[in-house]
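Colleague: With the sequences and hints as input, model every part of the structure.
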Amino acid sequence: MFIPAMMRSMTGGAAQVPASGATVRAVIEDLVRQHPGLAGRVVDENGVRPELFIAVGSEEIFNLDQAVAEGAEVHLLAAIAGG
Amino acid sequence: MTDKPNYRVIGTRPVRPDGIDKVTGRAQYGADTRLPGMLRGYVLRSPHAHAKIRGIDTSKAEALPGVKAVMTAADFCAPGQTVDQLPDLSANLMAGTKALYRGHAVAAVAAITDEIARDAAALIEVNYEVLPPVLDVREAMLPGAPILHEAMRSRTPTGPGENPSNIVAHTLSAFGDADAALAECDVVVDIVTSTKMVHQGYIEPQAATATWNPDGQVVIWTCTQGSFPARQNCSQILGHPISKIKVIPTEIGGGFGGKIAVYLEPVAAVLARKTGKPVKLTMDRSDVFEGTGPTPGTSIRATLGATKDGKFKALKADMAYENGAYPGAAATYATMVAAACYDIEHVKIDAFDVVVNKPRTQDYRAPSSPAAAFAIEQLVDKAAEKLGMDPLKLRLANSSHEGSRGPMGMPFSRIGHAECVEAALDSPHYNAPLEGPNRGRGVASGFWFNVGLRSSVNVTVQPDGTVSLVEGSTDIGGTRASLAMQLAETIGVEYEDVKPAVVDTDAVGYNDVTAGSRVTFASGMAVVEAGRNLIKEMTARLATAWNVPADAISFSNGVFSTADGSKTGTFKQIAENVVGRGPGLTVSGSVNAGFLQGGGFAHHIVDVEVDPDTGKVQILRYTAVQDVGTAVHPSYVEGQLQGGAAQGIGWALNEEYYYDETGRMVNAGYLDYRIPTTLDVPMIDTILVEVPNPLHPYGVRGAGEPPIVPPLAAIANAVYRATGQRQTQLPMSPRRILETTGKLG
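First to last, the sequence lines map onto chains P and F.
Note that the first sequence covers residues 1 to 83 in the numbering used here.
Note that the second sequence covers residues 1 to 745 in the numbering used here.
The hints are simulated quantities; they were obtained by calculation from the structure and are not laboratory data.
A quick note: this is a predicted structure, and the numbers were derived from the prediction, not measured.
A portion of the hints provided could be inaccurate.
Calculated cross-link-like contacts (lysine to any residue; reagent style SDA-like; alpha-carbon spacing at most 25 Å) [stated by the list, open to error]:
# : chain 1 : residue 1 : chain 2 : residue 2
1 : F       : 4         : P       : 64
2 : F       : 244       : P       : 67
3 : F       : 393       : F       : 412
Short, incomplete list of chain F residues facing chain P, as computed with Cβ under 8 Å [unchecked claim]:
#  : residue
4  : 7
5  : 9
6  : 152
7  : 154
8  : 157
9  : 161
10 : 163
11 : 169
12 : 174
13 : 254
14 : 364
15 : 409
16 : 510
Ideal Cβ positions, reconstructed from N, Cα and C, are used throughout, including at glycine.
Modeller: And the structure:
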């Protein structure tokens with residue numbers, strides 16, 4: 001998983017963290033198991049937190065139960081709009 | 001440049017539906033709202049840039065005949081809450097315990113006339129303890145600087161800081177090993193830049209009117225970039241349910257990011273609640289400058305390393321961005337845009353968001369990107385000079401492309417930066433010689449993400465076969481037209497048969513702000529969805545009328561027909577003769593188009609002449625190149641490119657918040673804050689590069705943000721070639737030019 005710069009204080013400064021799981025949700029759960037400080041900071045009871053979005057490869061995903069292939073890159077990204 | 005489908009409506013240039021009202025003065029803007037019994041409001045603002053508020057005595061103001069109500073920050077407090085507990089969102093609207101910038105609102109009055117409201121505000125006695133302000137972003141970072149928020153601790157890559165600090169966050173964005181890679185580079189160039197706070201410069205000042213009925217129903221008329229987010233913010237600030245707030249968007253005279261945040265709306269609502277009458281508040285120009293949200297000043301140090309054959313290897317930067325009085329994320333944004341145009345393996349950016357005693361900054365067209373490009377694109381120019389390479393060919397050789405990692409580590413999808421640079425290389429402008437003394441040509445690239453977010457529309461078939469298109473996104477740049485065109489393309493009718501309207505928050509599904517160059521893209525997707533839903537529903541009704549199965553009817557090029565061709569009818573014929581006999585037909589389209597729209601890239605070329613005696617920079621010729629995906633209405637897209645370039649020219653040459661040592665902006669009016677006029681800007685030529693966006697059914701890509709990114713650096717590069725002096729500070733005013741050329745005085 002690729003961690004956005006603003007959240008790396010919770011991954012010990014790591015920009016990339018290996019995580020496993022068959023779905024995006026499972027991968028995130030594994031990430032949180034490794035870095036408990038991220039609990040509730042990526043997803044909450046209502047889904048992905050509004051200040052973030054998630055992409056697999058270069059494709060944004062909207063369903064946390066989407067399957068993740070072996071070796072895929074999952075990106076946590078800071079939400080940003082513009083003027 | 002690509003195999004563009006043969007569209008029937010998209011790509012044409014019809015008249016905009018709101019044009020006549022606007023040119024005849026009939027369009028209703030924010031300040032045009034008039035209601036029976038309406039009171040006028042006035043906001044009292046802090047004369048100090050930094051001061052504790054020891055107390056506010058409103059009794060004399062309340063006693064003035066004609067005054068109906070006075071409010072302070074205490075009126076935003078929930079039961080049991082004190083003003084020092086108000087969140088930043090509320091505290092920025094009305095100072096509680098501390099005024100953090102000159103112009104910070106401290107109280108407001110509602111009265112029967114403007115004059116009485118103003119006189120009453122003058123009777124409000126605010127007991128200030130004046131504190132030293134800190135106005136410079138680097139000075140604010142130093143130990144011992146005046147602290148704005150005693151409780152604030154920096155967020156750092158290693159956790160929260162221990163002591164109070166003006167540094168909101170230190171964000172480290174790093175890929176590879178930039179330090180090691182720089183040490184191995186054949187060519188290393190560096191730069192230190194600074195830019196000043198500038199304003200979006202929209203022509204229409206903020207205005208809001210509110211009513212608060214006894215049953216708690218609140219209605220707000222306002223010139224906002226987003227009526228739904230405005231409703232959400234008002235709900236939070238007022239502690240009032242969203243279901244009881246309706247926001248009616250008026251026409252808007254520009255925003256560029258500056259009319260996303262609410263300022264007057266909750267104040268008008270509180271005064272309406274206290275008086276039981278409609279209350280209107282308007283800003284004058286100095287209120288706009290001092291009391292809304294400009295874009296940050298910055299201080300950037302950057303280093304770029306390349307191999308001797310011109311391959312960029314490493315970029316390292318330290319970027320400090322003003323957040324104004326309350327925490328923001330402008331510098332964090334900068335880490336995500338600074339290196340986007342180029343495929344660089346090793347990047348390290350330290351970004352610092354910093355509070356200073358200036359207005360809380362807000363977004364301005366591609367926020368954070370122009371100042372970053374001012375540094376990075378000058379570095380590229382310096383590298384080209386050292387390498388002896390054409391600056392465009394160097395950019396092309398290092399360009400980001402589909403599959404290369406973007407600034408956040410994620411691979412780009414189909415993007416068009418290289419195509420923009422190629423178009424610039426082939427352009428008449430770049431191939432024309434520039435002759436004469438004191439003249440120079442500069443180029444620069446720029447990037448913005450562009451986003452999708454959420455949009456909803458309704459489409460209703462009218463008895464005469466026309467359709468009404470109801471949308472909820474504020475139309476700033478001609479989106480009523482661009483959405484109507486996409487609907488006309490989808491359902492096969494003439495553009496003139498689509499009647500678009502922007503409605504209030506009760507009348508359509510949720511729409512995010514008109515920002516991030518998203519409306520023609522995302523609301524366009526909602527329109528296409530609604531159009532397809534409409535055809536599906538009409539097909540179902542037609543199946544009954546024609547007594548054939550629905551799947552035996554096809555729809556193509558605006559004509560319904562059976563497979564054997566025995567029955568046919570145009571959209572308009574079917575709408576009149578079949579739909580018109582049945583129940584009303586309204587369909588909707590709603591999308592969450594997410595944050596990834598595919599990046600938007602621009603490239604600009606500029607020729608300047610610098611007067612060696614006065615330091616004045618004259619723009620001789622300007623060309624803006626941009627990947628726009630598919631230009632739905634080319635005239636409006638060209639207008640976006642020209643408008644962005646013009647704003648960038650102003651930012652580069654003249655505009656700045658000019659402060660005295662007490663934190664007073666001394667040029668808070670358009671006589672002294674100089675935005676470009678037609679005398680300053682030549683006709684800006686445009687080249688529309690169309691690399692269709694695979695994420696949109698018609699290939700649309702947002703166009704509004706990228707064109708403000710390149711001008712600052714492009715002009716600096718041109719001035720360098722004209723004078724031999726690097727311009728590292730903005731604005732490049734005549735005085736600054738003479739300082740750098742050694743001819744001042």
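Colleague: Next, verify each hint and record whether it holds.
Modeller: Going through the hints against the structure:
1. Restraint check for residue 4 (chain F) and residue 64 (chain P): not satisfied, since their Cα atoms lie roughly 35 Å apart, outside the 25 Å limit.
2. Restraint check for residue 244 (chain F) and residue 67 (chain P): the C-alpha separation of about 41 Å exceeds 25 Å, so the hint is violated.
3. With a C-alpha separation of about 21 Å, the suggested pair residue 393 (chain F) and residue 412 (chain F) falls inside the 25 Å cut-off, and the hint holds.
4. Of the supplied interface hints, the one on residue 7 (chain F) is violated, with its beta-carbon coming no nearer than about 26 Å to a beta-carbon of chain P, more than 8 Å.
5. For residue 9 (chain F), the suggested interface contact is broken, since its CB lies about 27 Å from the closest CB of chain P, more than 8 Å.
6. Interface hint status for residue 152 (chain F): violated, as the beta-carbon distance to the closest one in chain P is roughly 16 Å, over 8 Å.
7. Interface hint status for residue 154 (chain F): violated, as the beta-carbon distance to the closest one in chain P is roughly 11 Å, over 8 Å.
8. Because the closest C-beta pair between residue 157 (chain F) and chain P is about 5 Å apart, less than 8 Å, the hint holds.
9. Contact between residue 161 (chain F) and chain P, as hinted, is not supported at the beta carbon level, the nearest pair being about 11 Å apart and thus beyond 8 Å.
10. Interface restraint check: residue 163 (chain F) against chain P, minimum CB-CB distance 17 Å, threshold 8 Å, status violated.
11. Against a cut-off of 8 Å between C-beta atoms, the interface hint on residue 169 (chain F) holds, since the closest Cβ of chain P lies about 7 Å away.
12. The beta carbon of residue 174 (chain F) comes within 6 Å of a beta carbon in chain P, closer than 8 Å, and the hint placing it at the interface holds.
13. For residue 254 (chain F), the shortest C-beta to C-beta distance to chain P is roughly 11 Å, which exceeds 8 Å, and the interface hint is violated.
14. For residue 364 (chain F), the interface hint holds, the least distance from its beta-carbon to any beta-carbon of chain P being 5 Å, beneath 8 Å.
15. About 5 Å separates the beta-carbon of residue 409 (chain F) from the nearest beta-carbon of chain P, less than 8 Å, and the hint is met.
16. Against a cut-off of 8 Å between C-beta atoms, the interface hint on residue 510 (chain F) is violated, since the closest Cβ of chain P lies about 13 Å away.
Of the numbered hints given earlier, the model fails hints 1, 2, 4, 5, 6, 7, 9, 10, 13 and 16; all others are met.
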